[in-house]
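Chains A and B supply the protein sequences, listed in that same order. Numbering-wise (the working numbering), the first sequence opens with residue 1 and increments by one. Numbering-wise (the working numbering), the second sequence opens with residue 490 and increments by one.
Honestly, the hints are just simulated from the structure, not real lab data. One or more hints might be untrue.
The calculated DSS-like cross-link candidates involving lysine-lysine, where the alpha carbons are at most 27 Å apart (straight line), are [as the list claims (entries may be wrong)]:
| id | chain 1 | residue 1 | chain 2 | residue 2 |
| --- | --- | --- | --- | --- |
| 1 | B | 768 | A | 17 |
| 2 | A | 216 | A | 26 |
| 3 | A | 428 | B | 527 |
| 4 | A | 70 | B | 825 |
| 5 | A | 24 | B | 758 |
| 6 | B | 551 | B | 524 |
| 7 | A | 169 | B | 527 |
| 8 | A | 279 | A | 312 |
| 9 | A | 425 | B | 527 |
| 10 | B | 679 | A | 279 |
| 11 | B | 513 | A | 24 |
| 12 | B | 622 | B | 645 |
| 13 | A | 133 | A | 38 |
| 14 | A | 279 | B | 704 |
| 15 | B | 704 | B | 513 |
Listed next, with one range per pair, are the computed distances between beta-carbon atoms [what the hints assert, rightly or not]:
| id | chain 1 | residue 1 | chain 2 | residue 2 | range |
| --- | --- | --- | --- | --- | --- |
| 16 | B | 619 | A | 38 | 45 to 51 Å |
| 17 | A | 417 | B | 926 | 50 to 56 Å |
| 18 | A | 216 | B | 883 | 39 to 45 Å |
| 19 | B | 739 | A | 208 | 51 to 57 Å |
| 20 | A | 448 | B | 646 | 56 to 62 Å |
| 21 | B | 674 | A | 394 | 43 to 49 Å |
| 22 | B | 912 | A | 208 | 53 to 59 Å |
| 23 | A | 185 | B | 656 | 49 to 55 Å |
| 24 | A | 185 | B | 619 | 34 to 40 Å |
| 25 | A | 394 | B | 911 | 50 to 56 Å |
| 26 | A | 375 | B | 912 | 28 to 34 Å |
| 27 | A | 337 | B | 926 | 43 to 49 Å |
| 28 | A | 1 | B | 610 | 55 to 61 Å |
| 29 | B | 747 | A | 172 | 25 to 31 Å |
Being a predicted model, the structure only gives us computed values, none of them experimental. A virtual CB, placed ideally from N, CA and C, is assigned to each residue, including glycine.
There are 2 protein chains.
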Amino acid sequence: MLKNWNRPEKPEAKELKTRLDAAKEKLSQLQMRLKDHKLPVLVLVEGWGAAGKGSAIGQIIKNIDPRFFKVFSMSAPTEEERRKPFLYRYFEKIPETGKFTFLDSGWMDETVKACLHDGLNGEAYASRIDSIKRFERQLTDNGYLVLKFFFHISEKEQECRITALLGTKDTAWRVGKSDIWQNRNYEACKEVFDRYLEDTNSPNAPWYIIDAKSKKHSELQVLETMCTGIETALHNNSLSVPLLQNVFPLVKMPRLKEIPLNKSIDTVKYKKELSYLQKKLGMLHNRLYRKRVPVIIVYEGWDAAGKGGNIKRLTGALDPRGYEVHPIASPEPHEKARHYLWRFWTRLPKDGHIAIFDRSWYGRVMVERLEGFCSENDWQRAFYEMNEFEQELHNWGAVILKFWVQIDKATQLERFTERQNTPSKQWKITDEDWRNREKWDLYEMAVDEMLQKTSTTYAPWHILESTDKKYARIKALRIVIEALEEALN
Amino acid sequence: MLKNWNRPEKPEAKELKTRLDAAKEKLSQLQMRLKDHKLPVLVLVEGWGAAGKGSAIGQIIKNIDPRFFKVFSMSAPTEEERRKPFLYRYFEKIPETGKFTFLDSGWMDETVKACLHDGLNGEAYASRIDSIKRFERQLTDNGYLVLKFFFHISEKEQECRITALLGTKDTAWRVGKSDIWQNRNYEACKEVFDRYLEDTNSPNAPWYIIDAKSKKHSELQVLETMCTGIETALHNNSLSVPLLQNVFPLVKMPRLKEIPLNKSIDTVKYKKELSYLQKKLGMLHNRLYRKRVPVIIVYEGWDAAGKGGNIKRLTGALDPRGYEVHPIASPEPHEKARHYLWRFWTRLPKDGHIAIFDRSWYGRVMVERLEGFCSENDWQRAFYEMNEFEQELHNWGAVILKFWVQIDKATQLERFTERQNTPSKQWKITDEDWRNREKWDLYEMAVDEMLQKTSTTYAPWHILESTDKKYARIKALRIVIEALEEALN
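Extracted from the complex, chain A is given alone in its bound form (with noise of 0.2 Å):
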């Protein structure tokens, strides 16, 4: 894209002015529609160093209410987010619904320098592109406009202002090492960043490149881009987005009703298999904070199906400095403004450590869809979207357990009037639970396509028979200890 780039023509002083005041304005009147439609804007800056990437993001804030954007400056990752997958703290940035996020740098800049520095490339490169063409598009499909811009100047721009900011002190610590290095090699950079660009140029986040030789003119290119865009996203607004044919390896799984429910386990054996499997399972533990693997095990399951006591048996012989449960119930305001995947990305685990999630991001084709907290496309997609966030974890080199514990309409009747009359129990049942026990044939579908769509190989749905909660218990720990036997070995 570099190579065959056509440099814009640069307007006279006086028109420069006049379309410069023209869409400032016209910015400042955008923020306050999309604030009205919900709409979130992530723009990100990449480009050359010294390209004045920093300022003009300084002028473009100008004309936005400070309480509708944030800007990150991103520096390379911390020793914390490099035990995180890579695109973590890119998605822990993603703006809420009416409003902006400015990267300064991000994805490109941080692909690009493992390009050039620490050897990136071939099967590994093309997996790193389509996690970040994944991202974008999981992020244009939800409804944010992603705008990138990529700065360019000439080298000997660029040698220019690097001597210039070098020449006094209050400037001079803007120069990082990397921008004298990327000067001295401009070509092979130049090379690495084309083909970042070609890569990357897909039609839902397409890339603009500005010619960074003046500071007004860039400023003009992305004020007039960003309000096409806006404009355009706004209008685009309400449209449904394409389904995704289903591309993931799938396991077959049962219909619910298919599951026999009658398997038990008698007390004296639970007890010794119990204290056998949890003396495996804590040493197993150890080893895989040893060896840094991460661990994501899904809870789902109907109302009093028994998964916090299951759960409780499986964390009983973890060490709590490597693990943490994660019990997720309807989203908070700031987790409702974001992609719905966005609380459960900030809550991934660093690797060596297990993230129990007692309910999870399927609440989006079970809750969310019977309910209409999403509309059908949304949730449509959203089988897609969690096979993919699925891979993206399996890629970063996480065990993935989904469970399903499963119980039929009667067990459950019975533990829900256990609860109602055991005083120290009545907590746990409110008037909800019975609201959801109303439509559980509607939820019997829903679970069965979720548990057909997104049972795949490297993120396989578990069911849990938990009729008797003890064999459920057992063979959930027989079923994590297997999965972390065979990633360790």
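Fit chain B to the supplied structure of chain A, relying on the hints for placement.
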């Protein structure tokens, strides 16, 4: 405390088991009362390396529903955390109401290590101890239960355990270099531990020394102490907290009524000054970035007084990579569930950065006071707490500036009316603004009290007369520049 400590007698095996079972049952019942009474519990587990802190926490939490607790294993602060105040990462982790946070080592461990390895002593040590005592008192005053356990073992016992852990690969990683160092310098460490325990053994958050020789016995001691502590806290829940005398160095402030509002500046002069001052501020921003000075600027003022525009003129001069504006609205549920300063602690800037708060913690003594969102005892205590909070920030090295943007009632009416009549400004005016206006006199009384009680030499209030918004902007810029120059010289 360690020197004259009386080792508790260890019960016989049978009694131990009975009491342990009883304590477990009790804790698991208490968690529900905790939830009902919205009592937050912070459990700090400190002590010797290899004393069994982690595994004790592991046992205790088995009696608590995973939805109601979090465990944090605190390692050395990250690069990012080092750029915030010492207490930042601890404040960040305080529990929500009705929940537990367990810290596996915390501010004691970090302080003791600083004494032993980084030469923390004398005044710096005393100031650290002050910070810690204030932190604990602010938590307990605001309804938190703070339980502090010190796990004590003998030199010989520690040596045995370290040897055992080093024996197998899967546990060897648990032994840090500092554990071995500690064992080799047991007596010196004991001295420092002991001094710290004495210095921070306050009635509101006393230390409990745990005889950690036997696992079961230490579990019992912790469990029984927790149960007693929780019961006492539940009992005292509704008691008022004594008000502390305002001991901070105050600056005399005028009453709002006394402030002449006839100040103005002509447009030509304004433009010239603005451009001159912004340039100057921009340069200072560079310098404070290099010198790593953190800056905190608070804006409070009447609705429509011109806070937003004033902030914009300030940020217009700043590099967006080095500042953040935090617009403060009413707290979200997860914020309301914690100490009212939590959402400000977590928004503190890194050193070298500027944080601008568009409204702030002072909401406690204005809207929260007048709308009854907190108790009288709460807001009365807040004057002291906020002075203390800012002193903490000042000791960290922050420049703190607070602006009250002042207009009279007639000017507000004019601006409200203009907003109402200008389509592009209507979003700025809400019914709430009109309601607040009706309470002008009450607010004026509250603001006067706030200004008198919280304008300290290290964090003074400045009045910005904003009938002429331009005048107020120039004045703000001047004050910020002067304060930064002083801090940088």
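Right, here's what the structure says about each hint:
Among the hinted pairs, residue 768/B with residue 17/A is consistent with the structure: their alpha-carbon atoms are about 21 Å apart, no more than 27 Å. Between the alpha carbons of residue 216/A and residue 26/A the distance comes to roughly 17 Å, so the proposed pair stays at or under 27 Å and holds. Distance hint between residue 428/A and residue 527/B is fulfilled; the C-alpha atoms sit about 17 Å from each other, no more than 27 Å. The straight-line distance between the Cα atoms of residue 70/A and residue 825/B is roughly 23 Å, inside the 27 Å bound, and the hint therefore holds.
Simply put, residue 24/A and residue 758/B have alpha-carbon atoms about 25 Å apart, close enough for the 27 Å limit, and the pair holds. Annotation: proposed proximity of residue 551/B to residue 524/B holds, straight-line Cα distance about 17 Å (limit 27 Å). This hinted pair does not check out: residue 169/A and residue 527/B have alpha carbons roughly 54 Å apart, beyond 27 Å. A threshold of 27 Å between alpha carbons decides the hint, and for residue 279/A with residue 312/A the separation of about 14 Å falls inside it, so the pair holds.
As the CA atoms of residue 425/A and residue 527/B are separated by approximately 18 Å, the hinted pair is consistent with the 27 Å bound. With a C-alpha separation of about 34 Å, the suggested pairing of residue 679/B with residue 279/A is violated against the 27 Å cut-off. Only pairs whose Cα atoms come within 27 Å are accepted, and residue 513/B paired with residue 24/A is rejected, the gap being roughly 64 Å. The hinted pair formed by residue 622/B and residue 645/B fails the criterion: a straight-line CA distance of about 32 Å is larger than 27 Å.
Proposed proximity of residue 133/A and residue 38/A is supported: the alpha carbons are some 23 Å apart, at most 27 Å. A C-alpha spacing of about 17 Å is found between residue 279/A and residue 704/B, which places the hinted pair at or below 27 Å, so the restraint holds. Between the alpha carbons of residue 704/B and residue 513/B the distance comes to roughly 15 Å, so the proposed pair stays at or under 27 Å and holds. Residue 619/B and residue 38/A have their C-beta atoms about 47 Å apart, which keeps the hinted 45 to 51 Å range intact.
Here the CB-CB span from residue 417/A to residue 926/B is close to 55 Å, well matched to the stated 50 to 56 Å. Separation of residue 216/A from residue 883/B is about 41 Å and conforms to the stated range, judged on CB atoms against 39 to 45 Å. At roughly 54 Å, the beta carbons of residue 739/B and residue 208/A sit within the given window of 51 to 57 Å. A hinted range of 56 to 62 Å holds for the C-beta pair residue 448/A and residue 646/B, which are about 57 Å apart.
At roughly 46 Å, the beta carbons of residue 674/B and residue 394/A sit within the given window of 43 to 49 Å. Checked against the hint of 53 to 59 Å, the pair residue 912/B and residue 208/A fails, with Cβ atoms roughly 31 Å apart. The hint said 49 to 55 Å for the Cβ distance between residue 185/A and residue 656/B, and at roughly 51 Å that hint holds. Separated by about 53 Å at the C-beta atoms, residue 185/A and residue 619/B break the suggested range of 34 to 40 Å.
Checked against the hint of 50 to 56 Å, the pair residue 394/A and residue 911/B passes, with Cβ atoms roughly 54 Å apart. For the pair residue 375/A and residue 912/B, the beta carbons lie near 31 Å from each other, so the given range of 28 to 34 Å is met. Between residue 337/A and residue 926/B the beta carbon distance is about 29 Å. The supplied range of 43 to 49 Å is therefore violated. Checked against the given bound of 55 to 61 Å, the beta carbons of residue 1/A and residue 610/B, roughly 60 Å apart, stay inside it.
Look at residue 747/B against residue 172/A: about 48 Å separates their beta carbons, and that is not inside 25 to 31 Å.
In summary, the structure is inconsistent with hints 7, 10, 11, 12, 22, 24, 27 and 29 from the numbered list given earlier, while agreeing with the others.
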